[in-house]
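Enquirer: Sequence:
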Amino acid sequence: MASDAMPVTADAVAIALPTLPPIPPTDQHPIVVPSTSPPSSKVVASSDGNRVDVNRYWHAYVEVQELADRIKESGILANNLELSRGLATTEIESLRVTYGFNRLTPPPQTPTYILYLRQFLDLFRLLLTAAGILSLIAYSLDTDVSLNLYLGILLLAIVFISSTATFLQQRSSSKVMGAFKNMLAARCTVVRDGASVQIPAEELVVGDLVWVRNGDKVPADLRVLMCNNLKVENSSLTGESELVALTNKAMGADIAPLECKNIAFNSSLCFDGAALGLVLSIGDNTVIGRIAKLASTAPQRETTMQREVRLFVRFISILAISMASVLFAIGVARKKGEELLHTFINGFLVIIVANVPQGLPATVTSLLTITAQRMASRSIFVKRLDSVETLGAITLVATDKTGTLTKNVMTVTDAWLGRAFHRQATVDHLVIDTDEIDYLNATDAKALLFRAATLCNRSTPDPSDVASIEKAPSVLRMPVSKAIKEPPLAADPVKPTASSPDNPVTSGRRISPRQNAIQVASFRTRREFVSKRKYTGNPSDIALLRFAELQFSAEATRAEFPLAFEIPFNSTNKWQLVVVPAPGHKTTRSEFDVFMKGAPEVIINKCTSYVNLEGEQCGIDESFRADFMHAYELFGSNGRRVIALATRRFSVPPEEEVMFTVESDNYPRSELCFIGMVAIMDPPRDDVPEAIQKCKQAGVKVFMVTGDHPLTAQAIAREIGLLDEGGGILELTKPPPVGETLDASDWGDFEAAVVHGGVIDHFSPEQFQQILRKKAVVFARTTPQHKLDIVKTSQAMGECVGVTGDGVNDAPALKQADVGVAMGKNGSDVAREAADIILMDDNFSSIVRGIEQGRVIFDNLKKTVAYTLTHLWPEIAPVAINLAFGLPAGMTSLQVLSIDLGTELGPAISLAYEGAERDIMDRPPRDRTRDRLLSPPLLLYSYIIAGTINAIGGFLSYASVYWRHGLSLTDIALSDDKHWQRHSEPLCVKSTGRCLDGDEQHDLYMEACASWYIALVFCQFFHVWMCKTRRSSIFKHGLFKNTSMIYGTAVELLLLVVLVYVPGVQDFMGAMPADYVPWLIGFGTGSITWLYSETIKSLARSQPRNKRSCLVKYLAW
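If you count by this note's numbering, then the sequence shown holds residues 1 to 1117, one letter each, in order.
Everything labelled a hint here was simulated from the structure, so no lab data went into it. By construction, the Cβ of each residue, glycine as well, lies at the ideal position given by its N, Cα and C atoms. Mixed in with the good hints there might be a few duds.
Below, computed lysine to aspartate or glutamate pairings styled on DMTMM-like, alpha-carbon distance capped at 25 angstroms [to be verified]:
| no. | residue 1 | residue 2 |
| --- | --- | --- |
| 1 | K606 | D621 |
| 2 | K825 | E616 |
| 3 | K1041 | D922 |
| 4 | K606 | E591 |
| 5 | K574 | D922 |
| 6 | K1041 | E917 |
| 7 | K774 | D927 |
| 8 | K1107 | D919 |
| 9 | K586 | D621 |
| 10 | K336 | D621 |
| 11 | K792 | D761 |
| 12 | K694 | E917 |
| 13 | K775 | D927 |
| 14 | K407 | E852 |
| 15 | K978 | D997 |
| 16 | K586 | D665 |
| 17 | K696 | E719 |
| 18 | K1113 | E616 |
Derived CB-CB ranges, DEER-like [to be verified]:
| no. | residue 1 | residue 2 | range |
| --- | --- | --- | --- |
| 19 | E622 | A420 | 42 to 50 angstroms |
| 20 | F523 | D743 | 46 to 54 angstroms |
| 21 | D743 | M840 | 43 to 51 angstroms |
| 22 | T992 | L1080 | 24 to 32 angstroms |
| 23 | R118 | Q981 | 53 to 61 angstroms |
| 24 | M840 | P1104 | 37 to 45 angstroms |
| 25 | V1058 | Q981 | 20 to 28 angstroms |
| 26 | S140 | V326 | 19 to 27 angstroms |
| 27 | Y61 | S196 | 27 to 35 angstroms |
| 28 | L83 | T588 | 41 to 49 angstroms |
| 29 | T992 | D919 | 26 to 34 angstroms |
| 30 | I1034 | D931 | 15 to 23 angstroms |
Make a model of the complete structure from these sequences and hints.
Expert: See the structure below:
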């Protein structure tokens, strides 16, 4: 098995540009810019009939000598690159005129005042503004009614305050381009006129020669001319932290243009070596520049909440104007065209204002804010409030692997030594320390594996992590000579006793007799310490060092065996070698141990023997090689990165001081003793399998989209349960040969698929959609463009897509997604700025919690709308009976306003605190085309059923006041034009002969208004409890679990009592104290609503969603 075929090697890290608008080509411009073609047309036919990729740096495919010949102005000396002269200083200005500065161009900035004024164009605010202006117009036409003035000022104040708050939030969140700029190098070393000089990175021009070294950031896109073991980390672009070893060799024509390992990309971080590179592109034309352009200029998608609000405002506007026009026409006809102005003010305008739910915008904002705060307590930070609801509607999550589904900590999971497999301890399976191995001196397989993993390793504990350095001696196993210097542990249960050969105890710590080491902490404690400790180095070395420190202190081991010589790992040799003194020869230096680690197929060929578990060396035969290949292939097929280790002891003359060098070759590199292999992977997070299962249960598909190797991605997907073996898995892990098409005839037989990114480029649109319809898909070796294509095509198929990402390459997809979710701990600033939601713990399980909260917020929004809209018809009816029949109005305008902005505000907001119903994650995602915020069943319930019940209750309470004073509705019909004010003429009833003066009329009118008001508010008091659930019975859901509702309804009743019964306040509200009758009527109508609601919920629960009767479909909202 070749190492190049092993998963997650540096050879296979993929980088690609997203599709961008083309830049007009010039003869001097050194890069062909990607076209706007779809993925299937990236490979085009040339004039000779061959397929040519148009997305390429041509410089990557020619040798350095040809570069020197074709770009003479850069002064490249191919035969002695270190003496290259670079550009002449005199040419810099002319080149800068052509290419500009090496900086990112900021997108056009919207002026602050324009951004502020845009907030007033929100549809909800436009509706409130219209209502406020109409109220002011009404006051200007009739200044005697000062209530219209107060109402207009209040509505406009609400618009102003909410617009200002939204503006402040938006202004602080537009920082995408700033985040990109923070990634770029500040200064760099450039070669000009034959001399190396430090200049600001933004002064680079195309054609410059630049030195990059360990710790530098690559300042532009470079073609590597000379390379001395330089590695770069492209995690900000690829999402994978594996180092990529660069080379100066020309790439083959079959290498993807942006997978060329002789190109170093702008903002990549350099490790280990050094390189001289030719600047190919700068600023906006680099990979990072183009992604920045795409991310910063992408339009923000309309959320489902914005869509629902737009439809809601349109509905309310049409309803208000239609209702006002009809009732105004009726009123004009009844009055025969007289008092037209009065009818317009108190009819048309009042109806429109009454139709506007003034408290609903504040209620919706409160709902979103409260939910965002609740999500923040669960490690989910919401940047864009209205995206919360969209999260609950998603049908597909396209998630990356590293750090989201996995722990982003490379870990040794298994070992093969002594011809046996050894599983490492996990969270669920810890080990008891029973070994008494002398890790510093023993020659058995476990001790040798420990020393090889510790000493042939360039990673170290992070020096800046002072706390762990100080704590290490009290946690890790230490040799006696070191441990006796430490003070006793205060919490150690072992009591200090006198030391003796049979019972060695030192400083209160247990000593293992054979191990000659202090046992200071349990395995669990050591495991937790090592997992949290910070290390520096490449991920594989760090994994080995963590594994080693679980057994014994690496610091103490390295102090005992100081490094005598080292050959670092490189991609040519594929091994690393160290020479250290043998045990007991630290001072004599007469015997040494050589340790080698690297690719298993390379190491095994350097070995002639192997060590068994007892420490005996045995010869390698065909049987051993067969066992070795079985173990190697087993690890590889399960997505593990495999490292082999070997050793050999050798002697040197004691009288000579030996200096080991590469040239002297005075140390063994062959005939080694094979120690074993370790299998490394980034393990899944412990709670991810449960989260994946919850997604499946909730009807949400999960796609893995990663830049990792298909074997690794598939292994992780199997472990977390994303891929289910039951339905079969379609494996498209290799792109088809050039000229061949994909055969999709049997794809329908599979429920899941594993797809290599290179295969996506060969999909037809129909084949791509066929793959995306599957229940689970793992996309591996993907580029940013692939991820963007997956999102766009899925959205075109009707999916609501959530995307997770942490790298710069994810920014375009995060912007395109219905909900972009970035990682908060390990994510780049660019990804966090482009996203709508940030996971502060980088955990996929938090997405599942977010989906649940998104569904809860949609449920609670529907409950709030159903509750709020129910009082609309009972508020219109008092005006309607006045205009149509000339009856005294049922409520005053101030009473109507006090319901919207007073009594109902508390109960409506309390619905935001309502917990999830029991089946909320058992439901499929809602159909956004049918299950809308304002669905027909909800409108039927709010306006026709519950609204009518409330209106009847209010009207009966209103009429009962007149009935109990000897007045029938016939007696008071058509009397409103001349009566019911304090200075009105007497009203005489012909049937009884009774006459009412102006004061009596006014008091009776105010009592009738108060009665309607009481009945409506008290009925809504009952109604809000029914709105706690949409499907579950409120008695099973829990009546009093939501304490906010208890407080909200208590405030509602308190306000009702104050506004009706407190002297002074009642005069201002236009009310007189009412007796018990409206309270009884309110209780009765509220009970009817309870009975109806519980009946419909019971019917809905008893019928499957796909087999509901027509009655339930139209009545269950």
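Enquirer: All hints are to be evaluated individually against the structure, with a verdict given for each.
Expert: A quick look at each hint next to the structure:
Taking the CA atoms of K606 and D621, the gap is near 14 angstroms; set against the 25 angstroms cutoff, the hint holds. Proposed proximity of K825 and E616 is contradicted: the alpha carbons are some 47 angstroms apart, above 25 angstroms. At roughly 22 angstroms between alpha-carbon atoms, K1041 and D922 fall within 25 angstroms of each other, so this suggested pair holds. Between K606 and E591, the direct Cα distance comes to roughly 21 angstroms. Compliance with the 25 angstroms bound is thereby established for this hinted pair.
Under the criterion of a C-alpha separation no larger than 25 angstroms, the hint pairing K574 with D922 is inconsistent with the structure, at around 51 angstroms. The suggested pairing of K1041 with E917 holds, with an alpha-carbon distance near 12 angstroms, which does not exceed 25 angstroms. For the given pair, K774 sits about 19 angstroms from D927 by alpha-carbon distance, which is consistent with the 25 angstroms threshold. The hinted pair formed by K1107 and D919 meets the criterion: a straight-line CA distance of about 18 angstroms does not exceed 25 angstroms.
For the hint linking K586 to D621, the alpha-carbon distance of about 34 angstroms lies beyond 25 angstroms, and the restraint is violated. The suggested pairing of K336 with D621 is violated, with an alpha-carbon distance near 114 angstroms, which exceeds 25 angstroms. Taking the CA atoms of K792 and D761, the gap is near 15 angstroms; set against the 25 angstroms cutoff, the hint holds. Pair hint K694 plus E917 holds up; C-alpha atoms about 15 angstroms apart against a cutoff of 25 angstroms.
A hinted pair counts as satisfied when its Cα atoms are at most 25 angstroms apart, and K775 with D927 qualifies at roughly 18 angstroms. Between K407 and E852 the alpha-carbon distance is near 23 angstroms, which keeps this suggested pair within the 25 angstroms criterion. Pair hint K978 plus D997 holds up; C-alpha atoms about 12 angstroms apart against a cutoff of 25 angstroms. As the CA atoms of K586 and D665 are separated by approximately 21 angstroms, the hinted pair is consistent with the 25 angstroms bound.
A C-alpha spacing of about 15 angstroms is found between K696 and E719, which places the hinted pair at or below 25 angstroms, so the restraint holds. Between K1113 and E616 the CA atoms are separated by roughly 77 angstroms; this puts the pair beyond 25 angstroms, and the hint is violated. Taking 42 to 50 angstroms as the suggested C-beta distance range, the pair E622 and A420 does not conform, at roughly 19 angstroms. For the pair F523 and D743, the beta carbons lie near 52 angstroms from each other, so the given range of 46 to 54 angstroms is met.
Hint check: D743 to M840, Cβ distance near 46 angstroms, so the stated range 43 to 51 angstroms holds. For the pair T992 and L1080, the beta carbons lie near 26 angstroms from each other, so the given range of 24 to 32 angstroms is met. A hinted range of 53 to 61 angstroms for the beta carbons of R118 and Q981 is inconsistent with their spacing of about 46 angstroms. For M840 paired with P1104, a C-beta distance near 39 angstroms keeps the hint of 37 to 45 angstroms intact.
Range check, V1058 to Q981: Cβ separation about 25 angstroms, and the 20 to 28 angstroms hint holds. With their beta carbons about 25 angstroms apart, S140 and V326 fall inside the hinted range of 19 to 27 angstroms. Y61 and S196 have their C-beta atoms about 28 angstroms apart, which keeps the hinted 27 to 35 angstroms range intact. Range check, L83 to T588: Cβ separation about 46 angstroms, and the 41 to 49 angstroms hint holds.
Between T992 and D919 the C-beta distance comes to about 60 angstroms, which lies outside the given range of 26 to 34 angstroms. A C-beta distance of roughly 21 angstroms is found between I1034 and D931, which places it inside the suggested range of 15 to 23 angstroms.
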